[in-house]
Amino acid sequence: MRSYVPNTEKERQEMLESIGMTEMDDLFADIPKDLRLNRPLDLPKPMSEMELRDLLYDYVSMNDEGGPLFRGAGAYRHYIPSLIPQLAARSEFYTAYTPYQAEMSQGMLQSLFEYQTVICDLTGLDAANASVYDGATAAAEALLMLRDNKRKKKVLYAASLNPNVVAVMKTYAHCAGIELVEIPMTDKGVTDIEAVAANMDGAAGYIAANPNYYGCLEPMDDISAAVHAAGGLLVAYVNPITLGVIRRPGDYGADIAIGDGQPLGLPLAFGGPYVGFMAATKKLMRNLPGRIAGETTDAEGNRVFVLTLQAREQHIRREMASSNICSNQMLCAIMASMYCCTMGPAGMREVAEQNINKAHFLASKLCALDGVKLRYPNTPFFNEFVIDVKNAEEINKALAKYSITGGLVLPDGGMLWCATEMNSADEFDFVCDIIEDTLDSVGGEE
Amino acid sequence: MRSNYKLIFERSRAGRRAFDLPACDVPSAILEIPGEMRTNEPLKLPELGEVDLVRHYTNLSRRNFGVDNGFYPLGSCTMKYNPKINEELAPMFDDVHPLLDPEMSQGCLALMRDMECMLCEICGMDAFTLQPAAGAHGELTGLMHIRAYHEHRGDLERKVIIVPDAAHGTNPASAAMAGFKVKEIKSAPDGGVDLDALRAAVGPDTAGLMLTNPSTLGLFERNIKEIAKIVHEAGGLLYYDGANLNAIMGIVRPGDMGFDVMHINLHKTFSTPHGGGGPGSGPVGVKKHLIPFMPVPRIEEKDDGELYLSYDKPESIGKIKSFYGNFGVIVKAYCYIRSLGAAGLKEASENAVLNANYIMNQLRGTYEIPHDRICMHECVVTPTEEMMANDVHTSDIAKALIDRGYHPPTIYFPLIVHEAMMIEPTESEAVETLDEFVTAMKEIAAQVKEDPAAVHAAPVTTPVGRPDEVTAARKPIVKYEW
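In the order they appear, the protein sequences are chains A and B. Here the first sequence is numbered in the numbering used here, starting from 1 and rising by one per residue. Here the second sequence is numbered in the numbering used here, starting from 447 and rising by one per residue.
Simulated from the structure, these hints should not be mistaken for laboratory data. Everything numeric in this text was worked out from a predicted model, so none of it was measured. This list has only true hints and no planted wrong ones.
Derived contacts from chain A toward chain B, CB cut-off under 10 Å, selection only: (1) Val-5; (2) Asp-58; (3) Ala-73; (4) Glu-92; (5) Tyr-100; (6) Gln-116; (7) Leu-307; (8) Met-320; (9) Asn-328; (10) Ile-334; (11) Met-343; (12) Ala-359; (13) Phe-381; (14) Ser-403.
Every residue, glycine too, gets a C-beta built ideally from N, C-alpha and C.
Excised from the complex, chain B in its bound form (with noise of 0.2 Å):
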C-alpha cells in the first residue's frame, strides 16, 4: 500500500509547456519597464506537459478522502452530502466583475439580498451580511458588532468575553483579535453551562458571552432562556456560534433563544463543499439594535427597485473582506436552502439528530457515553477503561478507522472530556452506513483486546503510515528546495 509520490518539481523537464497563449496583437512595450524594475531570471516554476500536469494532479486527489470517497462523520464539521447540481449553477456567474456599475449586476445583488432574507427566517434574526469568509471569520465580525455596540453607548468597560471551556477553539481566539480579554467559565457536571459560574463571572466588565447551542457536546442547552437573562441582564449581549446548527433548522431559532448576534457556516449546515480547509463562507445575523454596526456595503432598493451597494453608514464596523463575501459559495448554499424549502430543512435536521442518536445507541456498552442522555445532531463517545489499559487511545482507534474506509470522527476535542470522539454522521447517511460503520467500531474494540499492536500499527491501507509531526515542528521543512 505504502508510495512514494513525486512532487510536481520533481517531474519538471526544461523546455516542457502546457500553457497557450494567442500570439500578441499589439507592439511590444516591455522597454516601457525600467530595467531595474524588471527580473531577468526566469521563475523557478516547473515545465510539464499538460498530460503530465493532468496525471499528477488526478493522483494526488486520489492520495485524498472525501465526503463523496464515503462516511466522513466529522464532529462539528457536518460533512453532509455536497449536492451535484449546485457545483454546475454556481459558476454562472463566474464572468462577473465585483466592481461592475450596479444596473450590470442586479442579478448577484438580487440573489444575495433573497439570501439575507432566507437566513433572517431561518435564524430568527432581523439582518444579515454575507461578507465574512468563514466561521472564524464571522465570529470576528460578530464581536466587532459587540464592541462597537458597547462602544457607541459609551459603555467603555466592558472589555470581556465570557467563552465555555467546552467551546470550539476559534471562540476565545476571535474574542482576542477583535480586542477582547476571554474569561473562561467551566462547564457544569452535564456538559452545560454552570449558571453559578456564569453568574459569578458576569459584571459590569462583561461585554458578551459566546456560546455554541447545542454544544460542542452534542447537547441542547437546556437553560438557555436563564443564560441569556442573566448575560442581557448584567449588561452584556449573547453570541451564537453557528457551527451546530444543522440540529435545530426549522425547529428553534437563536433569535427566539435570547441571541443578539450569530454567524452560520454555509459550508457546514447549507451543503457547500469544504474544499479541503476552504473556501467557506461565515454569514453574520443581528438583531435590529446591532443593525447600525453592519460591515459595509450593505444591498439597498432605490424607491424604483433598483438594488445598490450603500456605503453611506457612519456607525458601521467598516469592511471586513474586500468584496461582498465569497460570492461564489453563497450561490450554493442558496441553491440548497431554494431545493429544500422549509420543510426539507426540517427533515435534514431531524434526521441529523436521529442518526446521531441511532450510533450513540448502537455504541452504548463498547464505548464510553460520558453524558448519556438524548443527543442532538453529533454524540461524544470515549474509550472504555479497558481499552485505555491496554494502551489504546482515541488516536489509534481513528487510526484503525481509516484502515476501514472511514474518516475518523473528531478526536481530543471537546477538551473537557478526556479522549473525546466526536461523532457527526449528518443526515445524508444511509441507515447501512450506520450499521457499518458501528461495525467497524465494534471490530475494533474487539481488536483492542485480542491483538492491541494490530490497532497501534494502522492504518496500513494507507499510501504513508503515522507521522512524525514532532520532527515536522522542530525542523520544519515547508517548501521544496531545487
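Isolated chain A, as found in the complex (with noise of 0.2 Å):
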C-alpha cells in the first residue's frame, strides 16, 4: 500500500506523542462516535505501479482508437508538436498553484500575459483573459457578460451554433434568468439575417458561430452591420484553427470573441480538459470573468506580472462577483499559447490551408460518389462540411470494421465530415472506396 506518506510508523508515533496523543484515532475526536465509519471503504485493493500500468492498459484495450478520424463537431484532431507536452511537463508549472504570490509564480504569470497577448492577436481584440473550462462554458459565461454590459436580459444565438454549446448556455440561462431566443439559418447553412433584426428588440446581443457548427462560414460582417444598427453586442464564436486564413473577429467588429482552443496542441483526451477563451474590446474588459494577468513593475523598476483587476473576482465581490470561477484551465491555456509560438504566423497560416485543403479534396471525392451530395454546395467551409446520403449509419458501420471513424451521423441523417492536416490522400481513397462499396451493397434498399 502506497500513500505517499514518508513518514515511518516511529516517527508518526513520536509525533503523536509530542501533542500529547497515543493513537490516531485522537485525532479524530471532534467527530460524532455516531457519525463515523466504523468499517473500512468497500473499495478495490492497493495496487503497485506495475499493477496500476496493467490494469489502465485494460480500459485502454476496450477502446479502438488511434485509426484515422474524420469526425470534429467541437474537437479536433491536429498535429500536436512534441515540444508542447514535454514543456506543459516540467513541474515548476504544473505542479504549481493559482500564481497568488507573484514573486515566486513569475514564470506562470509571464506566461498567462503571453497567452492573453496571444489571444489577442489571434481574434484582433484588446483583452483576453486566463481561460475558462471550455468552449461552451466560455458561450456561457459571455451571455452573463451581454446581460451585465447592456442590462437587457434578452440574447440572441445562432441556430448554427455547435448543440453542445447551446445545452450549455441553456442550462446557465435558466438560472440567471436570461431569455434565449434562436435565430434559424437560411437554406444556405447560415445566419437567417433577416430573422436577426427582427428579434433584436429588447436583446444585448447575437452569438454567431464562424465556421459553424455544419462547417459553414458566415457572412459575419452583414451580421455584425444587422446587430450593431440594432444596438447590440456581437459574440463570435470561432475555432482558432482557422484564424491564419479566416478573418480575425476584431476585423469584423465582433466585442467578444470566444471559442474552445482545443485546436491549438490540445490532445482529444476523450473530451477535457481543453481550455475555453474569451477576449473582449477593450469596453468590455471589466465585464470579463476569471483571472487576468497584468503588467507593473516593483520598487525597483523591474517588470512584474500579476493577477489584476480582481475586484471582479469571487474571493473578493463574493456573491457580486462577475462569475464563480476560480480553477481555470490554466496549463491548456499555456499549452495552446505555446502552440500559436511554436507555429508562429506562417506556421499558423499553413496549418489552415492545408485543413482547407483537405477537406474540399475529401468533399469532392465523397461527392463524386452516386448518392452522396453536399447539403451546402455554394456555402464556403473551412474544414468540415454536412454530406446527405442514405445508410449513414451503414457507412460509419464498415469504416469501423477498418478502426476508422467517419463522419458524425447528425439526427437528420446528414453526415458531419471533418478532414485536417493528419488526414492523407491514401486515407480519403480508402474511405471512399469501402463507401462506394457499402452504397452499392445496400442501395438497393432505398
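Once you've looked at the hints, go ahead and assemble the two chains, each given alone in its own frame, into the complex.
As C-alpha cells, this is what we get:
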C-alpha cells in the first residue's frame, strides 16, 4: 500500500506523542462517534505501480481509437509538436497552484500574459482572460457579460451553433433568468440575417459561430452590421485554427470572441481538459470573468506580472462577482500559447490552408460517389462539411471494421465530416472505396 | 537575484520558424474561400527557432514554484504530492475523440463508470457526475440540483442559499450564479455554525445551506447533525463543499453527515496536479432524491453489458460542459484511488491531520492560534499583537517565508480571522520538512523583533520584488503591444 506518506510508523508515533496523543484516532475526537464510518471503505485493493499500469492498459484495450478520424464537431485531431507536451511537463508549471504569490510565480504569470497577448492577436481584440473551462462555458459566461453590460435579459443565438454549446448556454441561462432566442438558418446553412434584425428589440446581443457547427463560414460582416445597427453586441464563437486564413473577429467588429482552444495543441483526451478562451474590446474588459494577468513594476522598476482587476472576482466580491470561476484551465492555456508561438504566423497560415485543402478534396471525392451530395454546395467551408446520403449508419459501421471513424451522423441522417492536416490523400481514397462498396450493397433498399 | 526576463515577442526574428508540417498531398483549395472572408495579413505571432522556444519556456519554468520544488502549505488547496505514474498513464487516452461511437470508447466509459462508483463509496452518496471542470463549477452544478429539486416540487419560493461567513468566496458567487439570493450567517465564537443564527435564518424561503466540514478554520463542525436537522426541517437541502475532504477519507462521509449534494476537488484530495491554476475537476455527488436532476449524459449499461451515454433524462438540469468532464484529470485521480485503496486513503487523511496538528502545536507560543483545539487537515494562526505593533503583518511574514524557500500559506482567509494564515501541510510532507518550516516561522518571528525592516524588505531572493498592484489595477496592461 502506498499513500505517499513518507513518515515511518515510528515517526508518526513520536509526532502523536509530541502533541499529547497516543493513537491516530485521538485526532478525530471532534467527530461524533455515531457518524463515524467504523468500517473500511469498500474499494478495490491497493495496487503497485506495475499492477496499476496493467490495469490501465486493460481500459485502453477496450477502446478502438487512433485509426483514421474524420470526425470533429467540436473536438479536432491536429498535429501536436512534441515540444508542447514536454514543456508542459515541467513540474515547476504543472505542480503549482494559481499564482497568488507573484514573486515566486513569475514563470506562470508571464506565460499567462503571453497567452493573453496571443489570444488578442488571434482574435483582433483588446483584452483576454486567463481561460475558462471550455468553449461551451465560454459561451455561457459571454451570456452573463452581455446581460451585465447591456442590462438586458434577452440574448439571440444562432441555430448553427454547436448543439453542445447551446445546451450549456441553456443550462446557465435558466439560472440567470436570461431569455434565449434561436435565430434560424437559411437553406444555405448560415444565419438568417433578417431574423436577427427582426428579433433584436430588447436583446443584448447575438452569438454567432464562424465557422458554424455545419462547417459553413458565415457572412460575419453582414451579421455584425445587423447586430450593431440595433445597438447590440456581437459575440463570435470561432475555431482558432481557422484564424491563419479566415478574418479575425476584430476585423468584422465583434465585441467579444470566444471559442475552444483545443485545436491549438491539446489532445482529444475523450473531451477534456480543453480550454475556453474569451477576448473582448477594451470597453468590455471589466466584464470579463476570471483571472487576468497584468504588467506592473516592483519598487526597483523591474517588470513584474501579477493577477489584476481582481475586484471583479469571487474571492473579493463574493455574491456580487462577475462569475464564480476560480480554477480555470491555466496549463491548457499555456499549451495553446506554446502552439501558436511554435507555429508562428507562417505555420498558422500553413495549417489552416492544409485543413481547407484536405476538407475540400475529401468533399469533392465523396460527392463524386453516386448518392452522396454536399448539403450546402454554395456556401464556403473550412475543414468540416455536411453530406446527405442514405445509410449513414451503415457507412460508419463499414468504416469501423477498419478502425476508421467516419463523419458524425446528425439527427436528421446527414453526416458531418471533418478533415485536418492529419488526414492523407491515401486515407481519402480508402474511405471513398469503402463507402462506394457500402452504398452499392445497400443501395437497393431505398 | 533580480532579473528581467524577455517576453517571447521580444525574442522574435522575422523569418525564424519552429513548425514542420509535411507538404500538402492534395491540391490547394484556398480560392474556394471568397476573398472577403480571408485575411491577407499574417497573424502577429512571434517567430523563433525551436531551441529558443524551448529555452524560453524552460527558463520561465525556473521562475516558478511548484510542489516538486518545495513545501507548499497553501491552506484549503491541498497541495499534496502529484504521483508521477499518474502523469504517465493519463495520456494513454489522448487520442480518443469524445464523439466516437460508444463501442469504440468502452474503455473510457468503463473507467468513468468505475470512478463514479468509487466516489459514491468514499463520500456516502448515491450517484456521481464527473462533468464539472473545477470546484466552483461543481458548486454551481450542485446548486442547480437544489434549484431543480424545489422547482420540481412546485416549491417556488425557495430562493435563498445560506452561507456561513467563513465560507470560500466561490460559495456565495456560485449561489448567485445559480440564481439564488445569498444570506450570510455569522460564525459562533468557536468558529462553527452559530445554531441560533441558523435557526433564525431558515424559513420558507430557504433553498439550502452550503457548508464545508471541516470548516475553513480547519475545525470539524461538531454540531453537524443538528445543523442538518434544522435545514431539513425547514425544507432546505444541505450542500457539502468538498474542498476540505482530505481530512476525512475513510473516517466519516458527507453522505452520512446528512448532506444531500456535494462536490469534490480531484485536484486537491485526489492528488491531480493543479497546473498553475487548472485544469481541475469537480465531480458532484447526490443522494437518491436528486438523481433525476443530474446533468446529461449519464453513463448507463445495456442488457448486453455495453456502456452508452444516455441523454434521455427529462428532469435533468441539462449540460454544464461540452463533453464529459476533464477526462484526463479524472484518469489521474482514478489511478490515485486505485493505488491507495481503502487503507491508503484513510492513512492519507490521518497523516494530513497529524501533520497539521504537529505544526500547530510547534507554532503555539510563537504565533497566536485563535481557535486552539484539535484541528483537522489545516490550522489557522495569526501574528502576535507584538508583531503587529512592529507593523509586521501576515503579508510580510508570507514574503519572508518565500526567502526561506517556502510557498506561503493561504493568507487573509478565512475572512473571519483578522490577519489569518491558513496552513495546510498535507500528508505528503516528512517530519523534518515540518520541523524546518517551523524553524523558519520562528526565525521570522525573532527577526520581527530585532529587524522589522528586513521583514518588510522581503522577498530579496526572487527575480522580482513586491509588485505595485495598485497601478496594475488602475492602469491595466493586459497584453504586450508590438
